[in-house]
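Chemist: Residue numbers 1 to 99, in this note's numbering, belong to the letters of the sequence shown in order.
No lab work stands behind these hints, which were simulated from the structure alone.
Quick caveat: nothing in here was measured; it's all calculated off a predicted structure.
Think of the CB as a built atom: it goes at the ideal place given N, C-alpha and C, for glycine as much as any other residue.
Please note that a few of the clues may not be correct.
[As the list claims (entries may be wrong)] Listed next, with one range per pair, are the computed distances between beta-carbon atoms: (1) N88 to V41: 37 to 47 angstroms; (2) E36 to E95: 25 to 35 angstroms; (3) D46 to M83: 17 to 27 angstroms; (4) S42 to K85: 36 to 46 angstroms; (5) P84 to L55: 38 to 48 angstroms; (6) E45 to M89: 37 to 47 angstroms; (7) G63 to F43: 24 to 34 angstroms.
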Amino acid sequence: VLLRTPQTLTLVGELEESDLEEDDNLAGDINETEEEVEILVSFEEDGQEYHLVRLLDPVLLVGKSGNENTRILLTPEESDNVMPKLENMFLTYQEGDEM
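Can you make the complete structure from the sequences, with help from the hints?
Modeler: As structure tokens, this is what we get:
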């Protein structure tokens with residue numbers, strides 16, 4: 001099941017292994033400067049090719065509370081303000097785990 005969430009589609013549940021093995025052949029060679037992704041589905045419409053991909057490296061998105069159970073991505077201005085604070089909090093937390 002794919003849920004429509006801000007700027008992403010969120011997979012709920014697991015993909016079947018047979019689907020993943022078939023799509024491995026479509027990925028082709030990946031340049032070291034490109035982000036590594038796994039192509040899950042591809043299709044073409046009006047001469048434009050589209051892909052649904054899964055990032056192989058973890059991705060963290062920073063958001064704020066919306067109404068009820070929703071989260072909203074930060075604006076660029078909010079991100080400029082919040083990200084340095086969040087990075088410092090994370091580094092402090094990580095240093096505490098190393099002791």
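Chemist: If a hint holds in the structure, say so; if it does not, say that too.
Modeler: We went through each hint and held it up to the structure:
{"no.": "1", "hint": "N88 to V41: 37 to 47 angstroms", "verdict": "holds (39 angstroms)"}
{"no.": "2", "hint": "E36 to E95: 25 to 35 angstroms", "verdict": "holds (29 angstroms)"}
{"no.": "3", "hint": "D46 to M83: 17 to 27 angstroms", "verdict": "violated (38 angstroms)"}
{"no.": "4", "hint": "S42 to K85: 36 to 46 angstroms", "verdict": "holds (40 angstroms)"}
{"no.": "5", "hint": "P84 to L55: 38 to 48 angstroms", "verdict": "violated (24 angstroms)"}
{"no.": "6", "hint": "E45 to M89: 37 to 47 angstroms", "verdict": "holds (43 angstroms)"}
{"no.": "7", "hint": "G63 to F43: 24 to 34 angstroms", "verdict": "holds (29 angstroms)"}
Checked against the numbered hints given earlier, the structure breaks hints 3 and 5 and satisfies all the rest.
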